[in-house]
Every structure is written in C-alpha cells, then in structure tokens.
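Asker: Which chain is which? The protein sequence lines are A, B and C, in order.
Note that my numbering has the first sequence beginning at 492, numbered continuously upward.
Note that my numbering has the second sequence beginning at 1235, numbered continuously upward.
Note that my numbering has the third sequence beginning at 8, numbered continuously upward.
Derived from the structure by calculation, the hints contain no laboratory data.
Check before you lean on any hint, since a few could be wrong.
If you want the ones that stay clear, here's a sample from chain C, every Cβ over 10 Å from chain B, calculated [stated by the list, open to error]:
#	residue
1	I49
2	A123
3	S145
4	G152
5	Y182
DEER-style ranges, computed between Cβ atoms [as the list claims (entries may be wrong)]:
#	chain 1	residue 1	chain 2	residue 2	range
6	A	G765	B	Y1334	46 to 56 Å
7	B	V1335	C	R101	26 to 36 Å
8	B	D1470	C	R101	33 to 43 Å
Residues of chain A clear of chain B, computed beta-carbon distances all greater than 12 Å [to be verified]:
#	residue
9	T498
10	R505
11	I511
12	A515
13	L568
14	V632
15	T633
16	L642
17	V643
18	H709
19	L758
20	G765
Glycine is no exception: its CB is placed at the ideal position from the N, C-alpha and C atoms.
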Amino acid sequence: MIPDEQTLAQLSDRLVYSAIAVYALAMLAYAAETAGRVAGVSRIAGAGTVGTAVTGPHDRSRLLGAVATSLTVLAFLLNLGGVVTRGLAAGRAPWGNMYEFVLVCALAAGAAYLAFLSRRPVRAFGVWVVAIVLLALGLAVTVLYTPAGDLVPVLDSYWLVIHVAAAITAGGVFTVGAVATALYLVRHRQERRSTGDAPKGRYAASLPSTRTLEQVAHTAHIFAFPIWTFAVIAGAIWAENSWGRYWGWDPKETWAFITWVFYAAHLHAQATAGWRGVRASWFALAGYAAFLFNFFGVNLWITGLHSYAGV
Amino acid sequence: MTDLDTKTTVRSHPSTGQAPPSWGWLRWAWRNLTSMRTAVVLLALLALAAIPGSLFPQRNVASDPAAVINYTRDNPRISPWLDRMGMFDVYASPWFAAIYVLLLISMTGCVLPRSRRLWQSVRSDPPPAPRNLARLEGHRTWETTREPAEVIAAAVAYLRSNGFRVVATGKEVRAERGYLREVGNLAFHLSLLVFLVGIAAGKLVGFEGRVAVAEGGTFANDVSQYDAFSPSAWTDVDNLEPVSFSLEQFDVSYQTSGPNMGQPTEFAAMLAYRAGGGEEQTITVEPNHPLDVNETKFFLTGNGYAPVVTVRDGRGQVVSTGPVLFLPLDTDNASEGVIKVPDAQPTQLAFEGLFLPTAAVGPQGPYSMFPDALDPQLVLTAYTGDLGLGDGVPQSVFTLDKDQLNQVRRNGQPITQALSVGETMKLPGGQGTLTFDRVSRFANFQIAHDPGKEITLVAAVVLLVGLTTSLVIRRRRLWVRVRGAEGGESRIEVARYSLTRREPPRDEIEELVTALGGAAPSPAPSKESSA
Amino acid sequence: MTSRPRSRTRTAACLIAVAMSLSACGAGRGTPTATDRVVEVIAPEDRRDVEPFTGDLLDGGRFDSTSMAGSVVVYNVWGSWCAPCRTEASALRRVSEETEELGVRFVGINVRDNDASARAFEDSYNIEYPSITSDTSSAAVLAFGPALPPSAVPSTLVVDAQGRLAARIVGPTDYATLTTIVTETAAEADTSR
C-alpha cells in the first residue's frame, strides 16, 4: 500500500527530528574526541614537539572519532530520508520554501563533509560542520517550519528545481570551505606564534597542518564557485522566464552577486603575492557571510520579489 | 585579471619598448591598474558597494516603485543626503560605475597580454628539464639495462597517449599538459566582457512596461497605452511590436483546505491576441509562461478584482457601466478603489470603498476572510459635488479629490452600504443609483523587450564553461631524463612540476614509472594523520 | 493552524508587489503629457500613410478608415476619465461644427473607458461626431502608434485627404491651434484637387 501524503509528511517530520537527535550525539562525540586530541597535544607538547599533527596511540580518542563519524553518517541518512519523504509528500522537488531549503542545505553540508572525510584527514572539521548543521536544522524545525504543500504558481518551474538545487549544493560545499578556512586561520596564527618550545593554543595545535587545511579549503572553493556561478545564471534565466528580466537588483540577486564577487576576490587574492593565505582567507569568509545573509537575512528582513519564496 | 589558481604570480607586465620619460607615470599607473592586487581590491570594493542597494529602497529597481517615495517621507532628514550620495540609485550611480569600469579596464589590460602569451606558449615547446630534478615533487630514479633511446621512445609514446604535449631530445623527454586551463581562464574573462556588452545592449535598446487589464478589456502595444513605460536611451518607441490583445477570461484559484489554505494554486489569463496584421489567436498566459511576440514578452505578474458596476444618475440615465479596478490591500484580497462618474447629472457622483471577496464583519469592521470570491461584497460610501476633473489637472484613477465633494448623508449620518451581487445602492433625494452587477478580475502584465539577451546568455554559458575549465584542469610539466652509465646501465629520472596550486593526479608518476619498467613504488609517505 | 499566518506572509508579499505596481499605474495614468504639449505640423512631402483600421462606434455601427478617403479627418484620442480631455472637449466640438462645411470629418478614439461613461461624456459636452469604442480601439491606436507618445491621452491627429498624417497635437488642444491646423489642411486638399 502506498502511504498517503499526510503519513509521508509526518514521517518526514519524524525523520528530521531523529536526524537532529543523532547529529546532537555526533557533536558530543566529536567534542569529546577533540578534547582527547587536545589533551594529547599537550602531552606531546610537553615532550617538546610543537605544531605537528598528533600521532601515536590515542585509542579512546580514535574510537570516539569513529563513533562520531558513524553517528554523522546515520544522521545524514535520516536527514536524507526526511528530505525524500518530504518531496514525496508534496509531490515535487523538496526545496520550495525556506524550511525545505534549510533541510536540503544541511544535507548538502553533511554530504560535502563526508565526501571530504573519505579522502582527506579532516575529522577535526566534524565538530564544527555538525554544529552548523545542527543549528540550521534546529532553526528549520522551530522558526521556519512550513507544512508540506503545493507551491504558489510562480514557483512552479523546472528552473526553480535547477536554480535552487545548484545554490544548495554550492552552499553545502561552501560551508565545508568556510570551516576549513576558519580553522586555517586559527592554525596559522598558532603556528606563527608558537616559536620554540612554548606552545600556544593547544586546540589549534591539534588541527591538521595549514597546508592540509588550505588545500581542503581551496578544493572546496574551486568546486563550489562554478556551481554557485551556475546557480546565479540559472536564477537569472528563471527570473527572465517569470518576471521578464534576468537581472533586477532584487535584494536576493544583489546578495548572490556580492557572494560571487567576494569568492572571486578570494580566488584572485590566492594568486596575488602578499595576499595569499591569511588575507585571501578573509575574502572567502566574507563570501560565506554574504551567502548566509542572503539565505537568512534577506528572506527574513528585506522584502523583495523573492520574499514569497521565503518563510 | 588572473589565473584563479596559479602558482606563478604576475605582479606587473613587462613593458614593451622605450617610452619618453613623461610617459613614466602613465606606465606606472597602467601597470598598477592592471595588477592583480588592484583587481582584488576593486572586486572587494564592488562587493561592498553593492550592499547599500539592498538596504535602501532603489529607484527603477525594486518590486515596489513607491518605496523611495515612502522612505523619503518617513525619513525626511537623512533622505536628501542619501539621495545626494546616490543611495537610492546605487547601481546607476557614478561611484558604482567607477568601480566596475576600472575593474573592466584592469581586467582587459591583463587579458589581452595574457592571450598573446598563451598563443606563444601553445606554439612553443615544453621547456627543458631543470638541472636538479631531485628537488622537484615526485622525483623517482632507478637503473635499467634498456637502451636510452628505447626508454625515451617508450616515455614519448606513453605520455602522448596520456594527452601530454611531448618533445624528446636524445637525453630527455619534456612533457606538458593542461593548456586548456589558461584557455578556459581567458575564455572566462573575455566572455565576461561580451556578457557586459549584452547587458549594455539590453539596457540601451530594450524597455520595460506595465499595464493592468480588466476582463474584457483590451491592450494595444503602443506606448500611449501603458500604465508605466521605462524606455532605454535608444529604445525605438515608434516601432514597438504591433500587438494587441484582449483579456477574454482570467481564472484564479486558491487552496480551499489544508495547511496552506488561501494560497493561490492557479493564475491563468486567456488572451485573444493579434500580432502584426495576422489572424486573431488565443493563448493562456500563466506565471512563467508569457506571451512572446518577436521577443516582446507579456508576463502575468499580478492580479486583483475589478467589480462590474452600473451607475444611473438623477435623470435615470446609465452614465457608467463596466469593471472598476480595485487594488488589493491584504492577503485575503480586501481591495480598495473609487468609482468616478463625472458625467452624471444634475450632480457628479463618486463612490469610494472596499471590495471584499469573502466578506465578514469583525470588531474592526468589515474584512475579507478568504482571497477567492465566495461571498463578494462591495462596501461603499457615496459623494456628490465636483470631482475636480473640469480644470484639466490629471488625477489618479485610484484616488478622489474630495475638496469639492460632499459625502452623501441620511439623517445627518454618512451612508455606507454593503452590496452583494445584484444589489443596488439608492442615493437619497433621487440623486442616482449604483448596482453591483458582477465580479470580474484584472490581470497585471509586465511587458519586456531585451534584445541583448541572447548575447548575454551565450556569454554566460561560455563564462561558466571557461571558469570550470580553468578551475578543474591542472597544468603540469613532466620530465624523463636518461643518463647512459658505463656498463650498459642507464639511469632514469622522472619528476614533475605543477603549475597549479591544486595537487596534480597522485598516481600519474607511479603509472609512468611502471610504464617505463621502473621498480615497484617505494612505500608512499604515510598520509598525514590528524585524527 | 499555527502555519496559516506563515503561509499567508508568502502570498502577502506577492500581493503587496502587485498592489504597489498598480499604484504606480495609477500615477502613470493620472499624469499624461498635459504639461509638455507637442504640436507638430508635418510638411506634405514628409507625411507618412496611416495604416487602414476599423472599429465599432459608440452609437452602434462600424467604422472603417478607408471610407474616409478623400476627406481630411481629425482623430481625437480621449477617455471620460481623463481630465484634460474635458478642457479640450468644447474646442473640438466647435472646430468640428465650423469645419463641417469644408468636408472635414471628426472621429473620436475612446481608450481605457467604458461605453456608458463615454456616452455620458459625449452627452455632457454635446459631442456629435462618432467615436470608436474603447474595446475596439486597439487597431486605431496601433495605426497611429508612432505618433502617440507615452500617456498620450488626449491626443489629436489630423489626417490629410490622401490618408497621410499631417499634424499631431499631444496633450489638450485649444481652439486657435486646432482650427488653424484643420483649415490649413483642408485648404491644401482643395488646391490639390
């Protein structure tokens, strides 16, 4: 028997709540793991090694890390289930309002993190990525919740599906990029400060090397930037289809533009002598801030043509 | 402009030729303007400069044309200053233009020399191997008994088949791959220029306009018929597309149950239109599905109610009959409007009030409970006197000039009457009547013509492909050096140099070594462990 | 039903956008070019043919511009809602009566109006000449398209005996301007005959 729409919608809500619960556990596990790692650093630092990544047997910490990652995978799958059932309940792509948008964006961030984790030593990101995802999902179910239903006619367009899907994917990867960039800055500061034997910033010392962090951030940014570009172009095509102009400096469009330009500045700065590294990183973080503002600030505070896509 | 992911940093361009000394500062300025650092600063400025446009209301931009006027009224102190700084017109302001024009010059000044260099480097051979290959990444070396020429031939064949451009001397093989990266990079920046040309074309030749048409009403695509018309500098207003249409029927439906009750589910405007001298055709215009006549597009962007009323004057003559546009006030489509009857005799008549599609009465008076016309009512008050049209000063059709109007009263009280369909309001003293005949709707159309659109779209696609190429492709050089040693043994060296920041493919070197019969890979350096 | 207000905000924003765009339309329709009046008389060698058009008349019957061949015709674009149209109505009536014997014909082109209001207007100002109804005036408006600028109500267009646009007055006309242009155009028709 095929479950009816209401059952599916309820199932979706329950899956999302379960995802939140499991993500919360994952965050606790990651935090415990981080604490263990930091303690390990101080022991090693005490032995005279500074600023290198931790090696050696920290079985409990490693076990906690594995548990945390497993929980993250589980929470990700629950989130995925929530999104899929939501889509089935509404009979359309499940990103038609802000609640759904946040749901899918959390999914994308989780996916991006897990994808990176499978090829890079980025478990140290876990606690932060999971915290952001948790925050987003919490906000979604409390403030943004909208029951499943049809879209207003103007949103009924396949360009919506394409445009929003691209924006969400880019957002998920930008999130990992932003975490990597922020940690890069923390780590960079620590490396620069820690001269000789006085270790400063035990947490920072427990992070992967600046080189790894920079590479992960860079990979994330150059992967997400073309997708973001595509999202903006697809949005312009949709705007043309729906309002007769492809660009109208609507607040949403403006902030998408600002995001794009900041990331473009970041990529250029990475190729500029004297700007590479720390200064360039600030541009990336500015880009992410613009992305977040576009996501939350514009939808909630500024009225524009996109506002009916909002809350 | 720059390669977005390159190791070699270009700070300035080699000057060409000798210039007279007085040109020195110009060259200096040009070099600085086209430097990457300037590009980064300009990009950051562009992003920051775009922000106020989203915070302050904008002229000719937002969905709300009255926004600037309202803002100025609410903030009389700072508004003139904001206006002077162009804060209400950010994207057309001189300072915004200054940033992007400088950015474009900076970019062009960098793209063109780089295109030339790309052209040269594509035609020239990969450079010789550095003397000390051991300092390069992925350096491997081993001994072999194979003839050097044989090894070189094998390396050439292998690298060619892997897409490298290869040059071989007697002693070494030089290979390079990833030229497309720079091609993509240049394509991205050049298409950005074309992209802006497309935008400019639209901005100079196209137009935007708006018109509201009630059911049964007609529209002819002539500037005189628009409610609002925004031409560009070179819009050919004399030769608009000769189209006319009538709005035959306009269907709107709403969700009548469930959590999203009252949300619209359908807007469908049935048009009978005639393009040029052609036959009359019909089309259903819906959101996202405009009527398109030779690139002049008619988009359905709004709607409202237009109750049909008949007004008889004191003589019993019908002096007005037809739909009257009422503007929606809230989500349940409570709408307000006025009905002016300047040719009623012996006195002019006017009515003002609300249209409520699903009428109800609450503590604050009548309101609408639902956006669809389930129980429509027209709540009106009446005026007699002079509408003030006779002195020739144009008036809005949505407001009454009450200076010379008197509210119609009965027993000293202004009369307000709620009319259902078919009901009639009789003014005291036989001054006239108003009958609410039926409900009809109006549709708001946005009309746009943007001839540069195709250029812009093609440029955007090239831009995206170029950008992706320039970020994904990794340019690198590989060298294979063979040194004959005594005893017939040759020493082979393999090394790589990446021209991009992202790591080149990891296994590339091992595969090459294997292909050349090298030793099994030495244990790879253990992955950095952070966990 | 906690969700109801929320889903409402969505439609609210949409509707507000509509309302605002319409309120601008009000301003647009309320401000024709009465202030920047254009009077243009076109030299015979520069005149362009007016495409033939048809339409229904307010008092019944059908109008076909080809039936006017050989006569000077004054077309007046008007609406009962339009305040400047009221100030020029008596001038139009007077010129139409005075030039009737010269064979000049007057035709109104009613726009964005309803027929009852238009008839009441004609009644008030004793307009005797026929007018094309608002619902069928599209063809006439398109025929004169290039001559009519934005918000060009009222406008008066003089077509010569050869069916070419001889003069246009955008904005309200006055008696002196109109009678001069019309009699001169009628006079050239006589000499060319």
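Asker: Now look at each hint and say whether the structure bears it out.
Answerer: Checked hints:
With 10 Å as the threshold on Cβ separation, the claim that C/I49 sits away from chain B holds: the shortest Cβ distance comes to roughly 14 Å. Distance check on C/A123: its Cβ comes as close as 4 Å (rounded) to a Cβ of chain B, failing to clear the 10 Å threshold; non-interface status is violated. Look at C/S145: its CB is around 4 Å from the nearest CB on chain B, not clear of 10 Å, so calling it non-interface is violated. Against the 10 Å criterion, C/G152 falls within the reach of chain B, whose nearest CB is about 5 Å from its own CB.
With a least beta-carbon separation of about 14 Å from chain B, C/Y182 lies farther than 10 Å from that chain, consistent with its non-interface assignment. Range check, A/G765 to B/Y1334: about 24 Å between beta-carbon atoms, so the 46 to 56 Å window is missed. At about 58 Å, the CB distance of B/V1335 to C/R101 disagrees with the hint of 26 to 36 Å. Separation of B/D1470 from C/R101 is about 37 Å and conforms to the stated range, judged on CB atoms against 33 to 43 Å.
No Cβ of chain B comes within 12 Å of the Cβ of A/T498; the nearest lies about 15 Å off, and the non-interface call holds. A/R505, annotated as away from the interface, keeps every beta carbon of chain B farther than 12 Å; the closest lies near 17 Å. Separation of A/I511 from chain B is adequate, the least Cβ-Cβ distance of about 22 Å exceeding the 12 Å criterion. The claim that A/A515 lies off the interface holds: its Cβ sits roughly 21 Å from the closest Cβ of chain B, which is beyond the 12 Å cut-off.
Even its closest Cβ contact with chain B, about 22 Å, leaves A/L568 beyond 12 Å, as expected for a residue assigned away from the interface. A/V632, annotated as away from the interface, keeps every beta carbon of chain B farther than 12 Å; the closest lies near 15 Å. Non-interface status of A/T633 relative to chain B is upheld: no Cβ of that chain comes within 12 Å, the nearest being about 17 Å off. In this structure A/L642 is not separated from chain B by more than 12 Å, as the shortest Cβ-Cβ distance comes to only about 9 Å.
The non-interface label for A/V643 is inconsistent with chain B: the shortest C-beta to C-beta separation is roughly 6 Å, within 12 Å. For A/H709, the requirement that its beta carbon stay farther than 12 Å from each beta carbon of chain B is not met, with the minimum near 6 Å. In this structure A/L758 is not separated from chain B by more than 12 Å, as the shortest Cβ-Cβ distance comes to only about 4 Å. For A/G765, the requirement that its beta carbon stay farther than 12 Å from each beta carbon of chain B is not met, with the minimum near 7 Å.
Hint check: violations occur at hints 2, 3, 4, 6, 7, 16, 17, 18, 19, 20; the rest are consistent with the structure.
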